[in-house]
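Undergrad: Residues per chain, in single letters:
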Amino acid sequence: MTAARPLPYADPAHLAAHQFLVEEAALLDAGDYEGWLGLLTDDIRYLMPVRVTTARGAGFDTLADMGHFDEDMYALRKRVQRLATDHAWTEDPPSRTRHFVTNVRTFRNAADALLVESALLMFRSRGDTREADLLSAGRADLLRETGDGLRLARREISVDESVLRTQNLAVFL
Amino acid sequence: MDLAAMLADVRRGMIPAHVYADPEVFALERDRLFARSWVFLAHESEIPDPGDYVVRRVLADSFIVARDESGTVRVMFNMCLHRGMQVCRAEMGNASHFRCPYHAWTYRNDGRLAGLPFHAEAYGGEDGFARAGQALLPAPSMDSYNGLIFISLDPDAPPLRDYLGDFAFYLDLYTKQSPAGVELRGPQRWRVNANWKIGAENFAGDSYHTPHTHASVVDIGLFREPKASKRKEGALYVAGPGAGTTYKLPPGGDFADQLRYVGYCGEMIPAMTQMWSGQQRALVADSGFMVSAATLFPNLSFVHNWPQIDASGKVAPFISLRQWQPVSERETEVLSWFAVDAAAPPQFKRDSYKAYLMCFGTSGMFEQDDVENWVSITEMAAGSMARRLKLNSRMGLTSAGQPIKPPMPATAFAGPGVAYQGFGEFNQRHWLRLWSDHLERAPAAAVPADIGPAGMGPVVSQNAVSRGAAR
Chain A
1 MTAARPLPYA
11 DPAHLAAHQF
21 LVEEAALLDA
31 GDYEGWLGLL
41 TDDIRYLMPV
51 RVTTARGAGF
61 DTLADMGHFD
71 EDMYALRKRV
81 QRLATDHAWT
91 EDPPSRTRHF
101 VTNVRTFRNA
111 ADALLVESAL
121 LMFRSRGDTR
131 EADLLSAGRA
141 DLLRETGDGL
151 RLARREISVD
161 ESVLRTQNLA
171 VFL
Chain B
1 MDLAAMLADV
11 RRGMIPAHVY
21 ADPEVFALER
31 DRLFARSWVF
41 LAHESEIPDP
51 GDYVVRRVLA
61 DSFIVARDES
71 GTVRVMFNMC
81 LHRGMQVCRA
91 EMGNASHFRC
101 PYHAWTYRND
111 GRLAGLPFHA
121 EAYGGEDGFA
131 RAGQALLPAP
141 SMDSYNGLIF
151 ISLDPDAPPL
161 RDYLGDFAFY
171 LDLYTKQSPA
181 GVELRGPQRW
191 RVNANWKIGA
201 ENFAGDSYHT
211 PHTHASVVDI
221 GLFREPKASK
231 RKEGALYVAG
241 PGAGTTYKLP
251 PGGDFADQLR
261 YVGYCGEMIP
271 AMTQMWSGQQ
281 RALVADSGFM
291 VSAATLFPNL
301 SFVHNWPQID
311 ASGKVAPFIS
321 LRQWQPVSER
331 ETEVLSWFAV
341 DAAAPPQFKR
351 DSYKAYLMCF
361 GTSGMFEQDD
371 VENWVSITEM
381 AAGSMARRLK
391 LNSRMGLTSA
401 GQPIKPPMPA
411 TAFAGPGVAY
421 QGFGEFNQRH
431 WLRLWSDHLE
441 RAPAAAVPAD
451 IGPAGMGPVV
461 SQNAVSRGAA
471 R
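Sequences listed follow chains A and B, in order. Oh and the first sequence: position 135 is 135 in the numbering used here, straight run, nothing missing. Oh and the second sequence: position 85 is 85 in the numbering used here, straight run, nothing missing.
Excised from the complex, chain B in its bound form (with noise of 0.2 Å):
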């Protein structure tokens, strides 16, 4: 494979086709990507009380996200330091230590080893293995905004909100709409054969299949938008590693209209106007776009859409975070929270989770025909022509790379980052680019780790998350 030419015809918008199904493409995505790149595992209202753990994959290495007896959450690489086998083999649970099924060696919920048989006939004691400072090994590095909790396995990763620059103001409209933050659901795990990028490309910015891909979810008059009329009035942003897709409201309403528009209901409208800067509420109130999808970089999906959830028309907003998690080149595990102001009334978030279900997971209208299309674009990717197509990724561009219209001026678009007004491919082309520059760089430095020879010091994780420090 020549590298060099490959990311040249994506960063001109020319994508080789078979980047969606290629062994050595994903190899590349593991080491040079996945192994650099902050990347979500868990939300803290996943785990709200000490002992509360859930499991959670970085590809192939699994880590056990725990909030500890002191409240602090942990992250800690799955792996027994002796023998190395999977120490916690549930997803989820609530525990003041993990037990290795093997050897019985134990660690509390903060990583700490607390406790190996024969410690004194088999090795001797503290001389043969020093066990005082050993620990399970903590994720390279962690961090966390508004109660979502990225690792990074590289040790000298930024810190995550640099990292997120501009994305953390849309961030913000999907997980912060009052001061008790959001609450997540499920999630909803499964796998599908497709490449893990097109579902964060589609994320990203495709408003354009929209109308056609999800004909059917109009038809029936489950939801007003997605018709080619008004999806091609939306706006698309670019910010920091982020980029995403917007709905155009009706003209005329204020902040509190455009939001009862969408379906939230009176209580919550209060704490949103709080809770969002004036710059937020104008993208709302003045600019007049709702978000709706968005992905940030490399594989959390965002989405908020407002399906009729009755027969009587009423309109429910739903919010959902998703990872595409990848398994292999040509499959990827899906899985999709709800998520919903943890403050919102009982009735909103009964009827938010219906319209999430309606909509997205597993069994959602919207996603069923998206797996299929992506489902379709791998296999085809994964033959001897495809190797031969470089697919057209240069929407919104003249001949000569130039938009072809005007991004979006501050008056017209409130939010930071560059926004285009309509179709465009400019958010699956950011992704690409960012994409690129990961794969051209060398693997981040990692540092081997000796367990247990005497003199060695201790490995306890110095990257913990404590309660409300994300907040």
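Bound-form chain A, shown alone (with noise of 0.2 Å):
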């Protein structure tokens, strides 16, 4: 589905899909997530499938009927609208969270699309008593250029755990 090589590093639209997800890693970080639900386009899809330990041999490592996310604007726009009300106790007080985003690699999908790669590493910490939580991944990212720049078209994660280690995901990533 990508091309055979990325964009070299230079290229302007590396350079642009490369500091929309620095800035868009700034916005969830904030808490800005009507910012962040600004970055989708209304036809996002949202993914993240469960990831599973199976033999080298066995073909698959993802289950392609579950996810942790699956989600289009209405569920996002809903989570996001959750995490504004007065009774989001899980995220009240709010964990500390640090999107650090590396590997970037970018490939020109369509004229006007990009497909981009990357790496994430979330740190999450609640309250003052727990453990802080990682959360690593590999994102493979849909870039539409539109008239007020790029935009997510899609996204889907590929988590490096089968079994999470954070109470929940009430964050994106």
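Where hints are given, some of them may not hold.
What the hints assert, rightly or not - Here's a subset of chain A near chain B, in silico, CB distances under 8 Å, partners left out:
#1 8
#2 9
#3 50
#4 53
#5 55
#6 70
#7 75
#8 79
#9 85
#10 87
#11 166
#12 167
#13 168
What the hints assert, rightly or not - From chain B, some residues computed to sit far from chain A (all C-beta separations above 12 Å):
#14 154
#15 174
#16 409
#17 411
Unchecked claim - Covered by chain A, per the in silico footprint, the following chain B stretches (three or more residues, Cβ under 8 Å):
#18 10–17
#19 184–193
#20 216–224
#21 286–298
#22 345–357
The hints are simulated quantities; they were obtained by calculation from the structure and are not laboratory data. Even glycine gets a Cβ: it sits at the ideal position worked out from N, Cα and C.
Join the two chains, each given in its own frame, into one complex according to the hints.
TA: This is the structure we're talking about:
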């Protein structure tokens, strides 16, 4: 699905994609979820399949029909609305998160779209007694050129654990 | 620890808070409860074809749940008979054989030892090691119901159907909606720093938490029901080793109307009408109650809710099975499956899956706030002060120990067991009574097995479930 080679790092399209991901991470770490929704296209697909431990020869390490997320704009908007209520206890007090985005590779997908692969490490700290959580994942994003700049049209998150070590996914990756 | 005093407190509805973070209590649970009780492992739909397997645990014990070449489901302790290596280290797949990585001892997918290298040279053949008839240790007891595969570490466990008792009536409502039965997807798995009992108790009967813990999902219009005024109209029931909560449906509808109200599509209603008994239909149609959360003792829970899944207000119901797998007194692995009638139309399955993901599981908007509470309880229960605190679990009882209102008559609640309308901790006390009964019993007898001396009889599993036998 991807072109054979990523764009050179100096390519303006790669630089724009990289900047998009960094700016997006800044919004998430600031808890600006309304701002984050503004970076998504109306037809967003936001996926995070369940990873599983299988033999090397099994031919799969991801469940085809079960995810941690499989969201459209309605579902994401509900999640953001919920976090904005006075009753979203799991994020009140809020987690302190840091989204570390690296290993960014950009591929030209179409005249108006880029495929961007990145590695994500999310640090999440809650309260003052608990150990912090780490979530490591690869992401494959489809960024579409719009009149307002790049927008995220599809994200598939490939989490690196089969058993997540965080109490929930009241966060976005 | 004064076990007798602790259990006496629990039985009068006063819970010593430390039980939610106490390593001594956890050791008793391991030795006296999980070494005896029926425990859910998997559903037959997860291993539909010969060779399909999943690996699941009961606490620290790993089991392979496999469908052998003849279609029979086997449950085998995942430890090589030779040096004790974990034979299968994947969590799912398809295999005709399992080969131990250490010395290449190889087992068929029914557990029988198929070969070991250099049998003649190393052991002198059958005399030194009787290969014939050897097999991975079978689960001491195994049984299934509606395709749900359970094991017990007690070889003398009662038949599963006897154990389920009146709870089977309610179990059917989640897992028998058509002749095709239910199919499970997942599970999502994650670890939470919470004691396993808290989730089990919550799902058994805590309708009281819904209006507040889950206020946010009402705020955003995702769910019509959890408002306090709705929740206190629901009935709580206790039946056999299970207990659960229900919602009161709007008045006036017949069976099909009520199923449509919670979002079942027209194509599914004839099969549900056919599969459910008159009494099961009456619970919905005449009594006007729809099952919601439930727990089958000890650690398998169910949930059935019906959120609005799109901007048009379309309502779709979903079912989830979930297991609270103890890791330690302070940590639990949650396994959460999406369950749906296997014969449901594809669009219904898509809608129901969306409803599930929005509400429960790792990212579910209900579940998120539940786990926050349970982690916090476990943290608070671990200290010294918690040993002074006996939590009041007497909701619904007078000071003399009588229910503040009578149980519902069969004319008002058609299901079996004992039901009360409104809030109460009847169900949690029931669950804790079963827990107390286990904790004061001596551990179940365990028969050690020598492996391989000449003349020893075979230990091939006798407790398999043939395809279709569960339905």
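Undergrad: Against which earlier hints does the structure fall short, listed by number upward?
TA: 1, 2, 18, 21
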